[in-house]
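Colleague: Sequence:
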Amino acid sequence: MTDDSGIRELFSRWEDLWNHGQHELAEGCVAPVYMRHEAAGLRTVTPSQYAAEVVDQHRLRPNTRISVYDHAISGDRVWLRWTWAWTDPASGAAQALSGMQVYRVEDGKLAETWVTPLPAGTTWPDIVPQQRWVPAAE
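For what it's worth, our numbering labels the leading residue of the sequence shown as 389, then goes sequentially.
Since the hints were made in silico from the structure, they are not lab data. Fair warning: there could be bad hints in the mix.
[What the hints assert, rightly or not] List time: in silico EDC-like cross-link candidates among lysine to aspartate or glutamate, alpha-carbon distance up to 20 Å:
no. : residue 1 : residue 2
1   : Lys497    : Glu441
2   : Lys497    : Glu412
3   : Lys497    : Glu403
4   : Lys497    : Glu397
5   : Lys497    : Asp404
6   : Lys497    : Asp392
7   : Lys497    : Glu415
8   : Lys497    : Asp391
9   : Lys497    : Asp464
10  : Lys497    : Glu426
[Said to hold, decoys possible] What follows is a list of derived Cβ distance ranges for each label pair:
no. : residue 1 : residue 2 : range
11  : Arg492    : Glu415    : 17 to 25 Å
12  : Val421    : Ser479    : 33 to 41 Å
13  : Pro420    : Ala481    : 34 to 42 Å
14  : Arg401    : Pro507    : 14 to 22 Å
15  : His425    : Gly496    : 18 to 26 Å
16  : Ile515    : Gln483    : 15 to 23 Å
17  : Arg431    : Ile515    : 32 to 40 Å
18  : Ala484    : Glu412    : 39 to 47 Å
Just so it is clear, the structure is predicted and the values come from calculations on it, not from any experiment. We put the beta carbon where it would ideally sit given N, CA and C, even for glycine.
Hey, can you work out the whole structure from these sequences and the hints?
Modeller: Have a look at this one:
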């Protein structure tokens, strides 16, 4: 059995960064060069650049809450099936985006990710997400 407690702790901090606005955690979560494979292509960011992006996303998408419905850990990889919900600042309407994401962890930090969003308006059939993105123990 593999000890994945370090990865679980990393994702606890990552969840706190996103869902609880603890932007200062980016430095301890993100590798010096964080590669992001996104719909628009590959880009790289530093921890401080990524922290600034999260702050900006919270400004553009108030009441941000990311829920995870499934996850898996395999070695240095973590897979999540998620929904990102927020309030449209102009209309006050609830908005959501769902997708899947794989992360590669290196030296205890997020080094690379592959993000696959679903088409706009697509939601998961699950009603209740996991209590934590990656629970402390299974």
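Colleague: Evaluate each hint against the coordinates.
Modeller: Tested hints:
1. Lys497 x Glu441: It holds: about 18 Å lies between the C-alpha atoms, which stays within 20 Å.
2. Lys497 x Glu412: Distance ~14 Å between Lys497 and Glu412 Cα, so the pair holds.
3. Lys497 x Glu403: holds (14 Å)
4. Lys497 x Glu397: Status holds; Cα separation ~11 Å.
5. Lys497 x Asp404: Between Lys497 and Asp404 the Cα gap is close to 15 Å, so the pair holds against 20 Å.
6. Lys497 x Asp392: holds (13 Å)
7. Lys497 x Glu415: holds (9 Å)
8. Lys497 x Asp391: holds (16 Å)
9. Lys497 x Asp464: Roughly 10 Å between the alpha carbons, so the hint for Lys497 and Asp464 holds.
10. Lys497 x Glu426: Within the cut-off at roughly 19 Å; holds.
11. Arg492 x Glu415: 17 to 25 Å: holds (19 Å)
12. Val421 x Ser479: 33 to 41 Å: holds (38 Å)
13. Pro420 x Ala481: 34 to 42 Å: About 39 Å separates the Cβ atoms of Pro420 and Ala481, which means 34 to 42 Å holds.
14. Arg401 x Pro507: 14 to 22 Å: violated (31 Å)
15. His425 x Gly496: 18 to 26 Å: holds (21 Å)
16. Ile515 x Gln483: 15 to 23 Å: holds (19 Å)
17. Arg431 x Ile515: 32 to 40 Å: holds (34 Å)
18. Ala484 x Glu412: 39 to 47 Å: About 27 Å separates the Cβ atoms of Ala484 and Glu412, which means 39 to 47 Å is violated.
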